[in-house]
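Let the sequences and hints guide you as you build the complete structure.
Next come the chains, spelled out residue by residue.
2 protein chains.
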Amino acid sequence: MNEFELIEHCFAPLAGPEGLRLKDDAALYTPRENYDLVITTDTFVEGVHFPNGMYGADVAERLLRTNLSDIAAKGGTPLGYLLSVAMHADKMEKWLPAFAKGLETTQAEFGCTLWGGDTTATTTQAVYSITLIGEVPRDEMVQRQGAAIGHDIWVTGVLGDAMLGCRLATNQLISPVPNGQDLFSFESAYWRPEPAFEYRKILQRFATAAADVSDGILADVTHISKLADGCATINFDALPFSLGAEAWADGQDDAITSRMELASFGDDYGVVFTSEQMDRQAIFDMAREARLKATLVGSVLPGSGAVSLDVEGQAMAWAQTGYRHV
Amino acid sequence: MNEFELIEHCFAPLAGPEGLRLKDDAALYTPRENYDLVITTDTFVEGVHFPNGMYGADVAERLLRTNLSDIAAKGGTPLGYLLSVAMHADKMEKWLPAFAKGLETTQAEFGCTLWGGDTTATTTQAVYSITLIGEVPRDEMVQRQGAAIGHDIWVTGVLGDAMLGCRLATNQLISPVPNGQDLFSFESAYWRPEPAFEYRKILQRFATAAADVSDGILADVTHISKLADGCATINFDALPFSLGAEAWADGQDDAITSRMELASFGDDYGVVFTSEQMDRQAIFDMAREARLKATLVGSVLPGSGAVSLDVEGQAMAWAQTGYRHV
Numbered sequence: 001m002n003e004f005e006l007i008e009h010c011f012a013p014l015a016g017p018e019g020l021r022l023k024d025d026a027a028l029y030t031p032r033e034n035y036d037l038v039i040t041t042d043t044f045v046e047g048v049h050f051p052n053g054m055y056g057a058d059v060a061e062r063l064l065r066t067n068l069s070d071i072a073a074k075g076g077t078p079l080g081y082l083l084s085v086a087m088h089a090d091k092m093e094k095w096l097p098a099f100a101k102g103l104e105t106t107q108a109e110f111g112c113t114l115w116g117g118d119t120t121a122t123t124t125q126a127v128y129s130i131t132l133i134g135e136v137p138r139d140e141m142v143q144r145q146g147a148a149i150g151h152d153i154w155v156t157g158v159l160g161d162a163m164l165g166c167r168l169a170t171n172q173l174i175s176p177v178p179n180g181q182d183l184f185s186f187e188s189a190y191w192r193p194e195p196a197f198e199y200r201k202i203l204q205r206f207a208t209a210a211a212d213v214s215d216g217i218l219a220d221v222t223h224i225s226k227l228a229d230g231c232a233t234i235n236f237d238a239l240p241f242s243l244g245a246e247a248w249a250d251g252q253d254d255a256i257t258s259r260m261e262l263a264s265f266g267d268d269y270g271v272v273f274t275s276e277q278m279d280r281q282a283i284f285d286m287a288r289e290a291r292l293k294a295t296l297v298g299s300v301l302p303g304s305g306a307v308s309l310d311v312e313g314q315a316m317a318w319a320q321t322g323y324r325h326v
Numbered sequence: 001m002n003e004f005e006l007i008e009h010c011f012a013p014l015a016g017p018e019g020l021r022l023k024d025d026a027a028l029y030t031p032r033e034n035y036d037l038v039i040t041t042d043t044f045v046e047g048v049h050f051p052n053g054m055y056g057a058d059v060a061e062r063l064l065r066t067n068l069s070d071i072a073a074k075g076g077t078p079l080g081y082l083l084s085v086a087m088h089a090d091k092m093e094k095w096l097p098a099f100a101k102g103l104e105t106t107q108a109e110f111g112c113t114l115w116g117g118d119t120t121a122t123t124t125q126a127v128y129s130i131t132l133i134g135e136v137p138r139d140e141m142v143q144r145q146g147a148a149i150g151h152d153i154w155v156t157g158v159l160g161d162a163m164l165g166c167r168l169a170t171n172q173l174i175s176p177v178p179n180g181q182d183l184f185s186f187e188s189a190y191w192r193p194e195p196a197f198e199y200r201k202i203l204q205r206f207a208t209a210a211a212d213v214s215d216g217i218l219a220d221v222t223h224i225s226k227l228a229d230g231c232a233t234i235n236f237d238a239l240p241f242s243l244g245a246e247a248w249a250d251g252q253d254d255a256i257t258s259r260m261e262l263a264s265f266g267d268d269y270g271v272v273f274t275s276e277q278m279d280r281q282a283i284f285d286m287a288r289e290a291r292l293k294a295t296l297v298g299s300v301l302p303g304s305g306a307v308s309l310d311v312e313g314q315a316m317a318w319a320q321t322g323y324r325h326v
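Chains D and Z supply the protein sequences, listed in that same order. The first sequence finishes on residue 326 if you use the numbering used here, and the numbering steps up by one all the way, no holes. The second sequence finishes on residue 326 if you use the numbering used here, and the numbering steps up by one all the way, no holes.
Source of the hints: derived by calculation from the structure; they are not laboratory data. This one's a predicted model, so the numbers in the text were calculated from it and none came from an experiment. Here a beta-carbon is modelled for each residue, glycine too, at the ideal position from N, C-alpha and C. Certain hints may be false.
[What the hints assert, rightly or not] Label-pair restraints from in silico Cβ distances:
| # | chain 1 | residue 1 | chain 2 | residue 2 | range |
| --- | --- | --- | --- | --- | --- |
| 1 | Z | S304 | D | Q172 | 51 to 59 Å |
| 2 | Z | L296 | D | R205 | 55 to 63 Å |
| 3 | Z | T105 | D | T170 | 36 to 44 Å |
| 4 | Z | S304 | D | R205 | 55 to 63 Å |
| 5 | D | E3 | Z | E140 | 28 to 36 Å |
| 6 | Z | K94 | D | A121 | 23 to 31 Å |
[As the list claims (entries may be wrong)] Anything over 10 Å on all C-beta distances counts as not near chain D; from chain Z, calculated:
| # | residue |
| --- | --- |
| 7 | V177 |
| 8 | L183 |
| 9 | N235 |
| 10 | P240 |
This is how it looks when you write it as structure tokens:
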């Protein structure tokens with residue numbers, strides 16, 4: 001199959017009506033009244049964002065899900081995406097069908113379609129890029145900016161599985177293997193991160209600021225608190241590491257350093273968000289009712305600096321290169 | 001400068017309000033009532049879409065202008081774009097400021113802004129991708145589908161300069177150099193193609209189908225006529241090659257083959273469009289009044305096959321690999 005046939009065979013079946021059967025140079029979308037559009041771009045480079053030599057469904061799912069995660073963190077609903085693929089000509093025929101399969105599964109699960117794109121044969125490492133378009137009710141996008149001093153800091157879901165999954169994906173050992181742990185759940189957390197759409201109502205109603213946990217919760221909360229001219233103070237013991245990640249950390253020489261590593265790694269793709277203190281109980285109630293895990297992990301306090309960590313009663317300053325006592 | 005500083009320094013000044021100062025993971029756009037959105041993605045790979053070793057303003061201008069050309073061909077007006085950059089870490093600090101300068105010049109000229117993106121350090125060839133969002137009055141996008149048997153085929157502007165410019169850009173000789181020809185105009189046609197926004201009114205009012213001339217007019221008209229279940233019949237002598245390209249072709253061993261090469265190369269980025277015959281005079285009049293060059297080059301006739309060429313009174317079939325007598 002040549003490039004046109006591959007597009008026709010693999011990608012055209014994924015197109016929504018906006019994609020005009022991928023027969024046009026542009027997609028056509030009629031926006032709904034009283035909605036804003038939320039638009040995000042994520043690029044995956046082979047060997048940087050996924051292991052060398054991986055090209056199939058896993059890569060596609062992870063790429064689309066990381067984009068979906070951005071829309072979820074903004075309180076949005078996904079609509080459609082444009083896909084750029086630059087990959088080795090020799091690999092296209094073998095891998096594009098699998099890649100498309102991964103997109104198909106994911107777009108069906110989250111309700112969006114392919115609207116267009118561009119496919120190019122290269123001679124070196126693969127580069128994929130998705131621009132995903134979503135909608136939110138007018139003026140209700142939850143921005144990264146919007147937190148203020150005194151606001152609570154929350155995180156959804158659990159942390160840590162993705163880092164261990166990444167180690168497995170890159171053929172590194174996890175030692176010790178936590179007792180009774182299903183290693184597949186680590187791998188799954190890495191390859192198929194869960195966009196936090198179930199938290200949409202909580203975010204739209206209560207969040208003053210939000211971002212997905214892509215760079216590690218400590219880095220992501222820094223971005224939010226900097227825009228609030230404040231300092232994020234995190235109760236380290238409250239961070240909701242998964243049971244498997246906890247068990248792994250407890251088996252390392254220094255359990256705190258290992259937890260710090262988990263909190264700095266990223267790729268968890270939950271949402272970190274802030275809210276006013278007076279909404280604290282309402283958030284707990286709403287989460288409990290919906291059977292969602294939302295954990296209060298700290299607050300935005302006056303001060304510069306990135307993140308202040310309260311670890312076993314001791315204040316620590318965190319920097320991306322590690323942490324130190326203050 | 002690290003990656004964050006480069007983005008802050010180079011790209012943040014290009015951001016429109018929708019880009020939220022590039023401080024968020026997503027852009028926020030409030031669509032205008034009674035408008036549709038037209039969305040297109042183009043990807044440039046080093047060594048494929050621009051010569052190896054070129055990374056600066058020229059590449060950025062060419063990339064953004066090819067995207068703009070798609071929006072222009074659909075009768076649209078550009079709004080904003082998301083940019084994906086994957087380039088060698090060592091080259092970023094030297095070249096991203098120049099790359100951003102090229103974007104700045106182009107977006108100022110055509111009235112759009114940067115809404116977001118993603119920047120990644122790679123170790124191999126550069127890959128850039130732009131997703132450009134434009135608007136058209138509701139239901140007025142000119143699609144590639146829409147032509148019918150009997151419709152006229154038109155092309156805007158002149159053809160051929162871009163191919164000669166590409167030769168210069170890749171250090172190939174142009175021989176003979178047309179008498180009195182300013183070679184810079186060839187280079188300029190290649191690096192700074194002119195999106196056909198001036199033809200917007202003609203397209204919105206009369207075009208039944210349109211596409212930009214990106215793959216060569218013969219290929220681009222094929223895409224249109226195939227969707228019309230017809231065959232594009234082109235009066236080869238009517239194709240509006242530039243004076244410089246004409247002079248170059250006349251200096252070659254076989255002037256027809258050379259013109260065929262010019263018509264097959266692409267990158268001209270005018271618009272090829274179809275219209276009903278009864279609008280022919282009105283299009284001539286409207287173009288003359290606006291001092292725009294629109295040339296009637298053929299019509300959509302019954303038949304399969306790609307393009308039929310009328311060359312010096314002889315019918316020829318065209319294939320992407322060349323042409324042959326029938």
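To see whether the hints hold, each was checked on the structure:
1. Z:S304 - D:Q172: 51 to 59 Å: Once the Cβ atoms are compared, 57 Å apart, the range 51 to 59 Å for Q172 of chain D and S304 of chain Z holds.
2. Z:L296 - D:R205: 55 to 63 Å: Holds: the Cβ-Cβ distance is about 60 Å, inside 55 to 63 Å.
3. Z:T105 - D:T170: 36 to 44 Å: Once the Cβ atoms are compared, 42 Å apart, the range 36 to 44 Å for T170 of chain D and T105 of chain Z holds.
4. Z:S304 - D:R205: 55 to 63 Å: Given range 55 to 63 Å: holds, Cβ gap about 58 Å.
5. D:E3 - Z:E140: 28 to 36 Å: holds (31 Å)
6. Z:K94 - D:A121: 23 to 31 Å: holds (28 Å)
7. V177: V177 of chain Z is indeed farther than 10 Å from all Cβ atoms of chain D, at 33 Å.
8. L183: Its Cβ never comes within 10 Å of chain D, the nearest being 29 Å, so this holds.
9. N235: holds (25 Å)
10. P240: holds (21 Å)
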